[in-house]
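Chains as they are written, first to last, in the working numbering: chain V, 1 to 296; chain Y, 1 to 296; chain Z, 1 to 296; chain L, 1 to 296.
Accuracy of the hints is not assured; some may be wrong.
What the hints assert, rightly or not - Cross-link-like lysine-lysine pairs, in silico, DSS-like; alpha carbons within 25 Å at most:
id, chain 1, residue 1, chain 2, residue 2
1, V, Lys291, Z, Lys263
2, L, Lys219, Y, Lys291
3, V, Lys135, V, Lys219
4, V, Lys290, Z, Lys289
5, V, Lys135, Z, Lys289
6, V, Lys135, Z, Lys291
7, Y, Lys290, L, Lys135
8, Z, Lys135, V, Lys290
9, L, Lys290, Y, Lys290
10, V, Lys289, V, Lys263
11, Y, Lys263, Y, Lys291
12, Y, Lys289, L, Lys291
13, Y, Lys263, L, Lys289
14, Z, Lys291, V, Lys289
15, V, Lys289, Z, Lys290
16, L, Lys291, Y, Lys263
17, Z, Lys263, V, Lys263
18, L, Lys291, Y, Lys135
19, Y, Lys290, L, Lys219
Claimed, not checked - Computed footprint of chain V on chain Y; a stretch qualifies when at least three of its residues, placed anywhere within it, have a C-beta under 8 Å from a C-beta of chain V:
id, region
20, 122-131
21, 156-168
22, 173-184
These are calculated hints, taken from the structure and not from any lab test.
Virtual Cβ for every residue (Gly too), placed ideally from N, Cα, C.
Protein chains: 4
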Amino acid sequence: MKENPQHLARPRSEALDAILGDPFAVLDHGFIRVIDYMGDEAAIVQAARVSYGKGTRIAKEDRGLLRYLMRHRHSTPFEMCEIKLHVKLPIFVARQWIRHRTANVNEYSARYSILAREFYVPDIPDIAKQSTTNKQGRADGTDDMRPEAVQEIIREGANRAFDAYDLLVADDEPDDIGLARELARIVTPMSTYTEWYWKVDLHNLLHFLSLRADPHAQKEIRVYAELICNLVETWLPNVWEAFVDYRMEACTFSRQEMALINKLVSGMDLFAEGVEPAGLSDREAADFKKKLFLST
Amino acid sequence: MKENPQHLARPRSEALDAILGDPFAVLDHGFIRVIDYMGDEAAIVQAARVSYGKGTRIAKEDRGLLRYLMRHRHSTPFEMCEIKLHVKLPIFVARQWIRHRTANVNEYSARYSILAREFYVPDIPDIAKQSTTNKQGRADGTDDMRPEAVQEIIREGANRAFDAYDLLVADDEPDDIGLARELARIVTPMSTYTEWYWKVDLHNLLHFLSLRADPHAQKEIRVYAELICNLVETWLPNVWEAFVDYRMEACTFSRQEMALINKLVSGMDLFAEGVEPAGLSDREAADFKKKLFLST
Amino acid sequence: MKENPQHLARPRSEALDAILGDPFAVLDHGFIRVIDYMGDEAAIVQAARVSYGKGTRIAKEDRGLLRYLMRHRHSTPFEMCEIKLHVKLPIFVARQWIRHRTANVNEYSARYSILAREFYVPDIPDIAKQSTTNKQGRADGTDDMRPEAVQEIIREGANRAFDAYDLLVADDEPDDIGLARELARIVTPMSTYTEWYWKVDLHNLLHFLSLRADPHAQKEIRVYAELICNLVETWLPNVWEAFVDYRMEACTFSRQEMALINKLVSGMDLFAEGVEPAGLSDREAADFKKKLFLST
Amino acid sequence: MKENPQHLARPRSEALDAILGDPFAVLDHGFIRVIDYMGDEAAIVQAARVSYGKGTRIAKEDRGLLRYLMRHRHSTPFEMCEIKLHVKLPIFVARQWIRHRTANVNEYSARYSILAREFYVPDIPDIAKQSTTNKQGRADGTDDMRPEAVQEIIREGANRAFDAYDLLVADDEPDDIGLARELARIVTPMSTYTEWYWKVDLHNLLHFLSLRADPHAQKEIRVYAELICNLVETWLPNVWEAFVDYRMEACTFSRQEMALINKLVSGMDLFAEGVEPAGLSDREAADFKKKLFLST
Chain V
1 MKENPQHLAR
11 PRSEALDAIL
21 GDPFAVLDHG
31 FIRVIDYMGD
41 EAAIVQAARV
51 SYGKGTRIAK
61 EDRGLLRYLM
71 RHRHSTPFEM
81 CEIKLHVKLP
91 IFVARQWIRH
101 RTANVNEYSA
111 RYSILAREFY
121 VPDIPDIAKQ
131 STTNKQGRAD
141 GTDDMRPEAV
151 QEIIREGANR
161 AFDAYDLLVA
171 DDEPDDIGLA
181 RELARIVTPM
191 STYTEWYWKV
201 DLHNLLHFLS
211 LRADPHAQKE
221 IRVYAELICN
231 LVETWLPNVW
241 EAFVDYRMEA
251 CTFSRQEMAL
261 INKLVSGMDL
271 FAEGVEPAGL
281 SDREAADFKK
291 KLFLST
Chain Y
1 MKENPQHLAR
11 PRSEALDAIL
21 GDPFAVLDHG
31 FIRVIDYMGD
41 EAAIVQAARV
51 SYGKGTRIAK
61 EDRGLLRYLM
71 RHRHSTPFEM
81 CEIKLHVKLP
91 IFVARQWIRH
101 RTANVNEYSA
111 RYSILAREFY
121 VPDIPDIAKQ
131 STTNKQGRAD
141 GTDDMRPEAV
151 QEIIREGANR
161 AFDAYDLLVA
171 DDEPDDIGLA
181 RELARIVTPM
191 STYTEWYWKV
201 DLHNLLHFLS
211 LRADPHAQKE
221 IRVYAELICN
231 LVETWLPNVW
241 EAFVDYRMEA
251 CTFSRQEMAL
261 INKLVSGMDL
271 FAEGVEPAGL
281 SDREAADFKK
291 KLFLST
Chain Z
1 MKENPQHLAR
11 PRSEALDAIL
21 GDPFAVLDHG
31 FIRVIDYMGD
41 EAAIVQAARV
51 SYGKGTRIAK
61 EDRGLLRYLM
71 RHRHSTPFEM
81 CEIKLHVKLP
91 IFVARQWIRH
101 RTANVNEYSA
111 RYSILAREFY
121 VPDIPDIAKQ
131 STTNKQGRAD
141 GTDDMRPEAV
151 QEIIREGANR
161 AFDAYDLLVA
171 DDEPDDIGLA
181 RELARIVTPM
191 STYTEWYWKV
201 DLHNLLHFLS
211 LRADPHAQKE
221 IRVYAELICN
231 LVETWLPNVW
241 EAFVDYRMEA
251 CTFSRQEMAL
261 INKLVSGMDL
271 FAEGVEPAGL
281 SDREAADFKK
291 KLFLST
Chain L
1 MKENPQHLAR
11 PRSEALDAIL
21 GDPFAVLDHG
31 FIRVIDYMGD
41 EAAIVQAARV
51 SYGKGTRIAK
61 EDRGLLRYLM
71 RHRHSTPFEM
81 CEIKLHVKLP
91 IFVARQWIRH
101 RTANVNEYSA
111 RYSILAREFY
121 VPDIPDIAKQ
131 STTNKQGRAD
141 GTDDMRPEAV
151 QEIIREGANR
161 AFDAYDLLVA
171 DDEPDDIGLA
181 RELARIVTPM
191 STYTEWYWKV
201 DLHNLLHFLS
211 LRADPHAQKE
221 IRVYAELICN
231 LVETWLPNVW
241 EAFVDYRMEA
251 CTFSRQEMAL
261 INKLVSGMDL
271 FAEGVEPAGL
281 SDREAADFKK
291 KLFLST
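The shape of chain V in the complex, shown without the other chains (with noise of 0.2 Å):
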């Protein structure tokens, strides 16, 4: 290395070389495994500052630097990440995730291949009426419900289906009907689990998260991002500190409520006794005060 000083190791995250490949489990078929990935905490500073590699340990300002990328939605060194996973998921949950459109994907393909009969079946608690209140969701709670009923229901239909399925693909017989793939296919449910690698930079897989770990996000697509946000925190934890701090539990006022805000706030000593500005840097609390004021 003495002969060229800029010669490189592939920068590596430990933590997340300790569990690539192992599966863990989502839902009552699915997993996630990482597969691949590239770039750490310094790649993505390296990346703001385009300066050679100085040290791939992340310093104190290396935190700051980040936090800052992240509120000012400098998104750009995000992209210098990337990770690739292998997820087994329900076909109506692929159909939400696919309209995610920056990701490449390689999914299996039931023109070529057999399915198996791996269908998903909702727990007792996830089971719910629609909502009365949000137009697209589940109520709360399962009294009302008969849930087992739910279950069986689900369960006996997409048995059946994958009877059909399996009748009209089976080719082993003179008799057999030997259909092809591509059209059997189309008997079975929407529960089918199918499986992808999918492949992702940083800043669009935190925008994948901020949209389906999200509450109203549906629980059956919530459940794998949630069990990616955990990955993200072993990869890159103070770009998961950040983006939980600066979007996930972030909260943003329209012009009428900053109105409102501001009238409340007003005249009020902001930092005075009992209300520090705790976990605020000098800089960010002069922010702070910024904006509270700024539609005076």
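With chain V held as given, fit chains Y, Z and L onto it using these hints.
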């Protein structure tokens, strides 16, 4: 207009305006409707020239430029046209279609709304065995099949699935289950129809067509692609002609194949009597000779 | 139309048609012209509802839906509108602009064509020192500057560069150099004007505006963004209003800041006399309360 | 590993690791360094099979699959590899490069930092007249040029521009102008060097190379592309071989040209003595015959 010679009227296609909104049937319950479009052939030419719209009529030299752009895969001018379609299609077709990422989509949501009992059942001539030569396709002919039996299995399976679905979402009587729609939908089959608005630029549309109007595409998406081919021809006839000549019916030979072709034609008088360069301009004829001797 | 109730006319914006093609001046030699567009507010609503065009007039409830979509960052319906601009701009501005990847571009090529001697010289009020607080910006005021001298250095430098360029590309006399244009252009300054057609969907346009019409954007790209803001307001007034309320003049507070705000307003009667929820619907007022106590 | 047979080690390329970080010189002051990468040939094969990594060594049948994928333009498995480069390049090259949108970029910012006096001056053999046949290129040879004079004009012009730049940004003495860097940079020439991190998936990288390593590309970007060709060959030798055979040295014939070729070879014994199907597998030989008679 005299005061401002740059003032424009929107480019329009009379032929497309004449069919705007009209549904064209595809498969047993599907359709395609043109909802809106942007640009015409003059808009492509204009972008290629980055000049002011000197006349909107397509002149003879404009056709030549369009063919030149297509031949040399100069794709950005074709991105200057856009089309928006309203499509009704089975979900297994939608799952192939959505893999084309550079497009805008708004799909019917079965989280909000109740699904109609509409599903795809293939016509007799489309029912075929798994191909033994093409691992992802169907064989020719239905000779040794019982296609009516296949139709019955598919239809009955779908009807039973929708019986279960209707039972799950019913919410009129006190004893009705009223399951959340986002859960109930998981029992419906992949043959269920959905709808979406799909908006795409011409370059990406042509790429979609080159893959999905191809004989290797699954029949059920190919019929949609073929109908869109007609729409493109209606909208942009010279672009369509160039696309057929240089993409759809063009043929690519590998390095090794080129070596063979070269041996075959070496020494031949390429444009001898009886082998006139039909349909080639002088420049194309010269290019043709050059290509054939490329690997000598 | 009676025979086919689905037949459509293209949505159009009278206000935008009235200015189509007209150049609006930006900086000293630049301009923006609207060349074409697709869709109106009804088209956004239609995509959100995936329903048939029940009237194209924007009704009161449509405005509410547009605001709902903007507030909840439901971005795909906004992708259903598209606009195409012809822009003349300095190359250093074009270099920032092009970083917005989800757009279609055809730019004037200095490989083909000879560049005109057109370059940007900032106005006196725009000439300022490097900011000491904002590492990437300029300070306020020109008090301790000699702005005329700066203008002269910039103008003279550009003129000398174009003298060299003209000398290199000249090809009239036998002794002229006639250097390839693709090489000669490398002597021209970053202030040189270029032109392009830029086509983008509304969602990505709004994202562009949120970054480039922001006070932190460089002045020279901001003036283009501000002009485009006016064009969007002309085209889609309710969208524009919602964008201002929920994005441009909205304010996001971090997890830590929310904890502080919560302490500040805790125990307050939020909508007591004098703090009426001006401009909030009942639902928004309820949401507002919820947000403020989110982190208790 | 015995306890969990799915546990993985990251795929790596020894050949690429050996040169990681090492700068390879391009043009007079430019370079390319490989900073990081994701995936190897086994990763492409794995994605194509959506199967568990059965051995990471590339077997004979894997090479065949890679060639099959390339031949049939199955592009998604190639998206499973990713590479990150650190590139130093002149701005006029960067402006062509950035047009490839599906990539991640972090560029040196002359709003923050002061530009070094580094600019491109073409070598004598690269200085040529405007081509009379290729409207966007340069002619062959420097015979009737005074290339040293051209070099001098370019070098002197750039030096004068940097004199002006240095004068504008100087901020040491009380009388120094200290102009904001974002403004001062506009006097620098298009030949000025910039730097960026560029991250791209293999599919999009190959598309970039097919356009930019092509003889029609401007020489100054082509030399970067050619160096990247070497890097891809080092990283993924079988992919590279397939890319050369089926893309770089392949040849596409239009519908009209195919009709002519068909006439030419019609009646020929394609694989007669002396025309053996060198380098074609049996399947490819059959495909070849089929292609040649496609348009009969």
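Hint by hint, here is what the structure shows:
Between Lys291 of chain V and Lys263 of chain Z, the direct Cα distance comes to roughly 17 Å. Compliance with the 25 Å bound is thereby established for this hinted pair. Our distance criterion of 25 Å between C-alpha atoms is met by Lys219 of chain L and Lys291 of chain Y, whose separation comes to about 22 Å. Restraint check: the Cα-Cα separation between Lys135 of chain V and Lys219 of chain V comes to about 15 Å, which is no more than 25 Å; the hinted pair holds. For the suggested pair Lys290 of chain V and Lys289 of chain Z, the alpha carbons sit about 22 Å apart, so the restraint of at most 25 Å is met.
The straight-line distance between the Cα atoms of Lys135 of chain V and Lys289 of chain Z is roughly 21 Å, inside the 25 Å bound, and the hint therefore holds. The suggested pairing of Lys135 of chain V with Lys291 of chain Z holds, with an alpha-carbon distance near 20 Å, which does not exceed 25 Å. Distance hint between Lys290 of chain Y and Lys135 of chain L is fulfilled; the C-alpha atoms sit about 19 Å from each other, no more than 25 Å. Proximity of Lys135 of chain Z to Lys290 of chain V is assessed by CA-CA distance (about 19 Å); at most 25 Å being required, the pair is judged to hold.
Annotation: proposed proximity of Lys290 of chain L to Lys290 of chain Y holds, straight-line Cα distance about 23 Å (limit 25 Å). For a cut-off of 25 Å, the pair hint linking Lys289 of chain V to Lys263 of chain V stands: about 13 Å separates their Cα positions. This hinted pair checks out: Lys263 of chain Y and Lys291 of chain Y have alpha carbons roughly 13 Å apart, not beyond 25 Å. Only pairs whose Cα atoms come within 25 Å are accepted, and Lys289 of chain Y paired with Lys291 of chain L is accepted, the gap being roughly 19 Å.
Restraint check for Lys263 of chain Y and Lys289 of chain L: the C-alpha separation of about 15 Å stays at or below 25 Å, so the hint holds. Between Lys291 of chain Z and Lys289 of chain V, the direct Cα distance comes to roughly 19 Å. Compliance with the 25 Å bound is thereby established for this hinted pair. Restraint check for Lys289 of chain V and Lys290 of chain Z: satisfied, since their Cα atoms lie roughly 22 Å apart, inside the 25 Å limit. A distance of roughly 17 Å separates the Cα atoms of Lys291 of chain L and Lys263 of chain Y; the hinted pair therefore holds under the 25 Å criterion.
With a C-alpha separation of about 16 Å, the suggested pairing of Lys263 of chain Z with Lys263 of chain V holds against the 25 Å cut-off. For the given pair, Lys291 of chain L sits about 20 Å from Lys135 of chain Y by alpha-carbon distance, which is consistent with the 25 Å threshold. Between Lys290 of chain Y and Lys219 of chain L the alpha-carbon distance is near 22 Å, which keeps this suggested pair within the 25 Å criterion. A count of 7 residues in the region 122-131 of chain Y with a Cβ less than 8 Å from any Cβ of chain V is obtained; the coverage claim is therefore met, three being the minimum.
Coverage of the region 156-168 of chain Y by chain V holds [criterion: at least 3 residues with CB-CB distance below 8 Å; count 8]. Only residues whose C-beta sits within less than 8 Å of a C-beta in chain V count toward coverage, and the region 173-184 of chain Y has 7 of them, enough to reach three; the restraint holds.
Of the numbered hints listed earlier, not one is contradicted by the structure.
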